[in-house]
Amino acid sequence: MRVNVTVNGEHRRADNVWEGESLLYVLRERLGLPGSKNACEQGECGSCTVYLDGVPACACLVAAGQAEGREVVTVEGLASGDELDPVQESFVERGAVQCGFCTPGLLVAAHDLIERVPDPSDVEIREALAGNLCRCTGYEKILDAVRDAAAKKAVR
Amino acid sequence: MSAPARSPQELHDTIAGGIGESPLRPDGTLKVRGEFAYSSDLWHEDMLWGATLRSPHPHARIVRLDVSRALAQPGVHAVLTHEDVPGENVYGLKYQDTPALAADLVRYQGEPVAILAADHPEIARQALKEIVVEYDVLEPITDPERAAHDDTLPKLHAGGNLVRHQRIVKGDPAATADVVVSGVYEIGMQDQAFLGPESGLAVPAEDGGVDLYLATQWLHVDQRQTAKALGLPLEKVRLTLSGVGGAFGGREDLSMQIHSCMLALRTGRPVKMSYNRLESFFGHVHRHPAKMYYEHGATRDGKLVYVRAKMYFDGGAYASKTPVVVGNGTTLSVGPYDVPNAHIEGWGVYTNNPTCGAMRGLGAVQPTYAYESQMDKLASALDLDPAELRIRNALSEGSTVVTGQVVDFPAPVAELVQRLRDLPLPPEPAGERDIRELPGGASNTTHGEGVVRGVGYGVTIKNISYAEGLDDYSTARVRLEVLGGEAVAMVHTAAAEVGQGLVTLQQQIARTELGLTRVSVHPADTSVGDAGSSSASRQTYVTGGAVRNACRAVAEAVYARLGVPAEGMSLTGGKVVAADGAVVADLAELLGDSAIEETREFHHRKTYPLDPETGQGDAHVQYGFSAHRAVVDVDVDLGLVKVVQLDCAQDVGKAMNPDAVVAQIQGGSAQGLGLAVMEEILVRDGKVRNPSFTDYLIPTILDMPSMHIDVLERPDPHAPYGVRGVGEPPTISATPAIANAIRAATGLELPRVPIRPEHITGV
Ligand code: FES
Ligand code: FES
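Chains as they are written, first to last, in the working numbering: chain A, 1 to 156; chain B, 1 to 763.
What the hints contain is simulated information worked out from the structure, not anything from laboratory work. Glycine included, each C-beta is placed from N, C-alpha and C at the ideal position. The reader is advised that the hints may include incorrect statements.
Unchecked claim - Which residues of chain A face chain B? A partial, calculated answer using Cβ under 10 Å:
id, residue
1, H11
2, R12
3, D15
4, Y25
5, G32
6, S36
7, N38
8, A39
9, C40
10, C45
11, F101
12, G131
Unchecked claim - Calculated Cβ distances over 12 Å to all of chain B for the following chain A residues:
id, residue
13, N4
14, N16
15, D53
16, G54
17, E115
18, R116
19, R126
20, A151
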């Protein structure tokens, strides 16, 4: 089948997509956007989180066909050109990235949180990110980064 | 054939910062942009997808194997079995006992039996179902203690079911004491659960060889094992490290290396393999589960007199790192304490359970849980404060450990415990509490009734680097050249960045040694000498030492080119500077068009094998020490645990990158917390019950409390820059601290981790 989807503001088309393919597979293998990660492909780790029509979703749980005509924003779409989004900047600056495999999913989830709740409390951050596993960091620096990004966004 | 369209990147973010500072990661921006090429992101035009058929049985004889139907599927390009292994169908880290593809016997559930390559991953997965394997199912051997002692059991390997037995005898093994405590402790099978799947891309080369781009911890050991199975000379099997999504020991053994290369060589096309999570649980080795019998004897005033212990490590189907686990487990068996008399025995055995190998804290996690449980039991028998008992018995510089080795470097164990004891405790809960901070959290299981609080300590000693006589070295190449009118250094090693920040550190060392700002890191590959493994907390020490040596050789070459004596000279701010501060030359001008390049190795000081009878010997290069204090709230009605606070004190010798050190301690502590209260691969009759992130639980951001981290720097005079390995100790001491805190809260014995709700409620 053919799938039409707007990705990071650009209209994209994928041909010869199999019935069983997920949005994650289409993004990574057909559209050349490997930023969203394939850590469990079972909806358990959050590494593949993307915006689907403005709402965070696990791309591994979305069938490619379900994305037809919809709007997707991936981690590749968070920065504008050379300028990183404050969430991206803070993750680098606060040491929230180690192996970085969880990072793309966490960035989308954290970006969404700050859009909804500009000044989140620690408990709100923890609740919002509870679906994103990270095996390297122990999460404390991720908390630091989200707090920092929220503060940056408030100033901008 | 060309390199993949997506392939490993050179890292040259130039963020200032030398040794002792905390510059940012050079790969950070790529990672947050989603542009960093992890091994599962690799892509080559015309590539095929590989897949693996695995045994559903833990123990069975293969009576028939027929791949013809699978091969006939449209879109399938090759289906290979053990008969197609071009070289020797056997590999292994310590012992050569693991087949690349099972021939006549399968020894664990998930053992690879056949592989194939197809146009699409789904075609590949469907085609696996067309491979016919008939098994004669055998009774699995699953009890490690029986495997160690019962000679009537079938032999899983030619040499029997024992991988290694090690005894350690110190002082009078039959010593007696006033106060004696004993216990039997068990630890479940933990998984590394790195997030990036096992993956890589094999590209056939014109010379009949193969280029493999992959995620691993040690390129050269993979190269040696893969080349042997492929029947190719080493130089025809070239490996390049791609982005690694965590490792924690789980990437020390081979997974898809030989398989992807076999398929690429057979089809003449690039072949990508990437495991899904289910396959990842079967495709890598886990932490050894263990059963340990301990007896501690002490004087009335709380001085340890003796320790006697027996420990059984379940190695599963193949040896992997089991010999090292037995070595570490026995030599570290009494902990960071002065123990005059000891009698220790450790066994590592083959069973038909999943294969166990390396995981962070290798061989030290198991005994630490046991002896730290014993220390609390002893404190209670002596009516002593648990921290006080540890302080009274702490090792210090000049102490003799259980193997007779003298600790000839700082060992501030008592100080670590004292510092934790001095930290403020969180306020006692009073009044209405935020439900989200209680055990059970937002699931609203309690409003504080039935919740009790406990405090516990855990302290550990871990050997750094490879031990028992191994020449464990690293190699670095450093090139100094002029780019854009500026002197720039390029560091090239084969050392694996697995997330720990080694790439940052390589830049820091080169900046410091060569007095430059701009330093790039070349992708790690096998075109430079061996760097050893990113494990055993050794890379900062060993590869750090090699980069230092190479930089110093480059500096010497600069002085030689200038024709000045090296004595008193230094490189600072891109200039050659004399002892009196006078600028002798500008580096960029001096270099001109001709670069300087030097390659050097670093070997750490010698270690020695253990005496087979007494276990005496200077087996270890260096020890790392860490201590945790945990505060927990336990809902005794439901058995739910909330770790309220977890504090850590660790000696790191020299904090090369203080922020990265703290990050290692935080991440390691989270893994220790996981083992204490949730992480276990459940195995019954040799079969894994929970191979998914739905059922194998790792800590989330809701499970990890905030931490106070106290980093000590007591330089080790034998180590480059005084460093002491950092990565492993925090994982080890966190687990017993939490277990002891839960015991303190509940008064229960709790002789097994992970501690599950039913262990607390007794139902
Ligand atoms: S990869 Fe989608 S949730 Fe894990
Ligand atoms: S940084 Fe490695 S999984 Fe989060």
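Hints and how they fare:
1. The beta carbon of H11 (chain A) is not positioned within 10 Å of any beta carbon in chain B (closest approach about 20 Å), and the interface hint is therefore violated.
2. Evaluation of the R12 (chain A) hint against chain B yields a violated restraint, the C-beta minimum of about 16 Å exceeding 10 Å.
3. Checking D15 (chain A) against chain B: minimum C-beta separation of about 13 Å lies over 10 Å; hint violated.
4. Interface hint status for Y25 (chain A): upheld, as the beta-carbon distance to the closest one in chain B is roughly 8 Å, under 10 Å.
5. Because the closest C-beta pair between G32 (chain A) and chain B is about 8 Å apart, less than 10 Å, the hint holds.
6. Proximity of S36 (chain A) to chain B holds as hinted, the smallest CB-CB distance being about 7 Å (cut-off 10 Å).
7. Evaluation of the N38 (chain A) hint against chain B yields a held restraint, the C-beta minimum of about 6 Å falling below 10 Å.
8. For the restraint placing A39 (chain A) at the interface with chain B, the shortest Cβ-Cβ distance is roughly 4 Å, inside the 10 Å limit, so the hint holds.
9. The closest approach between the C-beta of C40 (chain A) and any C-beta of chain B is roughly 4 Å, which is under the 10 Å cut-off, so the hint is satisfied.
10. For C45 (chain A), the interface hint holds, the least distance from its beta-carbon to any beta-carbon of chain B being 6 Å, beneath 10 Å.
11. The interface hint given for F101 (chain A) holds, since its Cβ lies 3 Å from the closest Cβ of chain B, which is under the 10 Å cut-off.
12. Residue-level restraint check for G131 (chain A) holds (minimum Cβ-Cβ distance to chain B is 8 Å; threshold 10 Å).
13. In this structure N4 (chain A) is separated from chain B by more than 12 Å, as the shortest Cβ-Cβ distance comes to about 21 Å.
14. Its beta-carbon lying about 9 Å from the closest one in chain B, N16 (chain A) breaks the requirement of being farther than 12 Å from that chain.
15. The claim that D53 (chain A) is not at the interface with chain B holds, since no C-beta of that chain comes within 12 Å of its own (minimum 20 Å).
16. Annotated as non-interface, G54 (chain A) keeps its C-beta farther than 12 Å from every C-beta of chain B; the closest such distance is 19 Å.
17. With a minimum CB-CB distance of about 17 Å to chain B, E115 (chain A) clears the 12 Å threshold, and the non-interface call stands.
18. A cut-off of 12 Å between C-beta atoms confirms that R116 (chain A) is not in contact with chain B; the least separation is 17 Å.
19. Not every beta carbon of chain B lies more than 12 Å from that of R126 (chain A), the smallest distance being close to 5 Å; the non-interface claim is violated.
20. Distance to chain B confirms A151 (chain A) as a non-interface residue, since its nearest Cβ pair spans about 18 Å, more than 12 Å.
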